Each structure stands twice: as structure tokens, then as C-alpha cells.
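Just so you know, the sequences run in chain order H and R.
All the letters of the first sequence, read from the start, carry residue numbers 1 to 198 under our numbering.
All the letters of the second sequence, read from the start, carry residue numbers 1 to 198 under our numbering.
Just so you know, the hints here were simulated from the structure itself, not pulled from any lab data.
These numbers come from a predicted model, not from an experiment.
Careful, some of the hints might be misleading.
Chain copies aren't distinguished; within one or between two, either way the pair holds.
Unchecked claim - The calculated SDA-like cross-link candidates involving lysine to any residue, where the alpha carbons are at most 25 Å apart (straight line), are:
| no. | residue 1 | residue 2 |
| --- | --- | --- |
| 1 | 23 | 171 |
| 2 | 96 | 114 |
| 3 | 158 | 41 |
| 4 | 23 | 95 |
| 5 | 51 | 31 |
| 6 | 161 | 75 |
| 7 | 76 | 8 |
| 8 | 123 | 78 |
| 9 | 76 | 109 |
There are 2 protein chains.
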Amino acid sequence: MIISDPLRIAIEEFSRFPGIGRKTAQRLVLHLLRSHQEDFDRFIESLTNIKLKLHYCSRCFNITEHELCEICSSTKRDDKIICVVEEINDVIAIEKSNEFQGVYHVLGGVLSPLNGVTHEDLKIEELMVRVENNPVQEIILALNPDTEGEATSLHIYKLLKDREIRVTRLARGIPIGGDLEFADEATIGRAVLNRVEL
Amino acid sequence: MIISDPLRIAIEEFSRFPGIGRKTAQRLVLHLLRSHQEDFDRFIESLTNIKLKLHYCSRCFNITEHELCEICSSTKRDDKIICVVEEINDVIAIEKSNEFQGVYHVLGGVLSPLNGVTHEDLKIEELMVRVENNPVQEIILALNPDTEGEATSLHIYKLLKDREIRVTRLARGIPIGGDLEFADEATIGRAVLNRVEL
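Chain H with its partners taken away, still in its complex shape (with noise of 0.2 Å):
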């Protein structure tokens, strides 16, 4: 085949990444096969910095330089207030929206018996223990509105009932289906204040 060995394995690599087929990892490739060797070097070096120096927040499991992330040692935010999510871009989209003044909690995805996720896999126990060692008053469970995000805020909504907490879910202001990540800011930020009563 015309295509070399180096070329095809890097190609390969990048048709991995999540919605990237194989035209489009071509492209990317080509792409970086043809910038300078300066630009290339800062692209491989801003990659290997975030394994470097990013890890998770030992409170709430979002991504930090530190012990803690931004958002858990703020002295503005909240931490009465938990939002659980299921990933990491749910905290940059909620963000974003500006509405929320409370802290996270990620669970590092959702309940999915079919893909081998349990209880276990996620930061479940985790964010127990964070209710049972702090004053907190309100749980979020802000999980896509799917299948998978539904049973998972059933699943921790048992776990949380029998205690003094108000439990509330994002108002149906994403589309039903829908991934977090792609909803525009202001419906995020409709959906954070109208959030109901689970």
C-alpha cells in the first residue's frame, strides 16, 4: 500500500479518539506532517504536560495542577451544594453557564451493566462519604438525561433518601437524549435554577 508504515499507525492512533474516523484522522495527521517543526514540538509538549502535571481533585475528582482543584478550595463556592456529573466536560459546560455557586462531585461516568460499569467503578462511595463528613445540604444530579443518566441518579437518589438532603435533578430543559456536553450555555443555565424536586 502507498501509505507508509509511520503514516498508517499514526493515522491509526488518531481514528481512536472518539468521533474521528479515518478521513478525518488522515487529515489531522497530514495537518501535523506539514507544520513546522516549532508548532509541532508545542503541540507534543502541551499533550504531555497534561498527563504531566493534570490529576484528579481528591475531593470531587474533577482535573487540577494541585491537591485540590479551583472550584473545591474557592472560598466563594458553596460546598453545601454538591452537582454531580458524569465526566469532566459536564463541569466546563455547567461552568460556563455562570448559575452555579456550589461544588462537584464526578463520577467518572454512569451506571452501564450492558458496558461492565457498576457501583464500584465510579466515585459513588466517594461522594457518600463526602454527605456523610460534611454539612451538606443539597445533592444536584445533573447526569445526562439518557437511559444510563436516569438509572444512575435512581440508583444514587435510594442511596440519599433516607437523609436530611434535598435531592434535585436539572429542569427538562435539555433535550431529552441529548449529551450535556453540546447543550448551549443558556439552556444549561435554565436547567441549574429550574432544577426540580426528584
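Using the hints provided, position chain R relative to the given structure of chain H.
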């Protein structure tokens, strides 16, 4: 802002890729962040390798690990027919059609006065030297059928028309205004077969 510097920088770097918006860049970076260290290292290595091992074929400016690319060094290819293309993507696309048995010449772009791309920025002189020193019978101008591609085809045609060389372009099976890279293999193959005299 909530996004820490290493994350923000990596997202900005990914956003520089053609066709990659900010949200896609964020998704790619977070995917890398979540990936296992060995997968991450393999990805970085594959990219480093394309820069280390690959360079331009000294004859046709295709990409290769050697002095000459596989096509230029193959004894099965007819080096009296040269197919002139804009980018390496186009070599890959035409090769996939399996209809072309000649060799290539990669210009590295098209004439674009508005973007400051002139005759000297492309491998046009190198094409003339090839034509001068080799018994070339036919030049196929396989540039994208848009304004800049057409202008570049015409420019090269004028440089070649006083020589005893057949100058052709791909048949108009390719949709006008479309991108060669995204045409399907059957269409590209038919366009090679039905190439017409300029």
C-alpha cells in the same frame, strides 16, 4: 476560569487543526487525559515518528521514509505519465481507486494570490525540470475543481503547451466545488479513466 492552564493550552493547540472546533478539541483532550499511560505514550510516539522518519520524496514530493517514495521507486509504475496533485491526501485518494499506474508530482498547494501563494511557493519549477530531463508523455492535472485549482491547472498548462506532451485533466465526474480527498473511490477511478485533453 475553571479550566486549568495545561488543559486550556492543549485544547487551544488541538483547535488549530483544520476542521476541529473548540468543543471537539476539548473532547479530544479529555479523551487523552482519561487514556491509559501506555496508550497515551503510543499515541505520542506515533506522532513523533511521522516527524522523525518521514520526509518528502526527492522526485515527486510525496511522503516517504526513503530517498524516493514507493511509487517513484517502483518498476511497475509508468514514469512517462505524471499526475500532478495538490497535496499528499490526493495521492492517497487516487491510489485507492487503483486506476492510475503512472507517477505523481505533489505541488504542495495551489496558486492563491490572496493568500500569497505564488509560482515559487509550489513545486512547479521542479515539475518543469522533471519534464525537461525525462521522456514524459502525459501530464494529468488532478487539482481540485475549484477556482484556485482551475487557475493553477491553466498556469501549468501554459508552461507545458509548447512541448510535445499530452496535458489532460480529470474528467468532471467530481462534483464542482468539492474536495478531491472526500470523493468516493469509484468516482475518482472513473474520473481518471475519462480524463480529457486540455
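We went through each hint and held it up to the structure:
In this assembly of identical chains, residue 23 and residue 171 lie within 25 Å of each other by CA distance solely across copies; the values are 23 Å between and 39 Å within a copy. In this assembly of identical chains, residue 96 and residue 114 lie within 25 Å of each other by CA distance neither inside one copy nor across copies; the values are 33 Å within and 38 Å between. Proximity of residue 158 to residue 41 under the C-alpha cut-off of 25 Å is found in neither arrangement, the shortest distances being 50 Å within a copy and 41 Å between copies. Proximity of residue 23 and residue 95 under a CA criterion of 25 Å is satisfied inter-copy only: 15 Å between copies versus 34 Å inside one chain copy.
Both within a single protomer and between protomers do residue 51 and residue 31 lie at most 25 Å apart by alpha-carbon distance, with minima of 23 Å and 11 Å respectively. Taking the closest pair of Cα atoms, residue 161 and residue 75 never come within 25 Å of each other, the shortest separation being 28 Å inside a single copy and 75 Å across copies. For a Cα distance limit of 25 Å, the shortest separation of residue 76 from residue 8 across copies, 22 Å, qualifies, whereas the shortest one inside one copy, 50 Å, does not. Taking the closest pair of Cα atoms, residue 123 and residue 78 come within 25 Å of each other only inside a single copy of the chain (21 Å); across copies the shortest separation is 62 Å, beyond that limit.
For the homomeric pair residue 76 and residue 109, neither the shortest alpha-carbon distance inside one copy (27 Å) nor that between copies (53 Å) is at most 25 Å.
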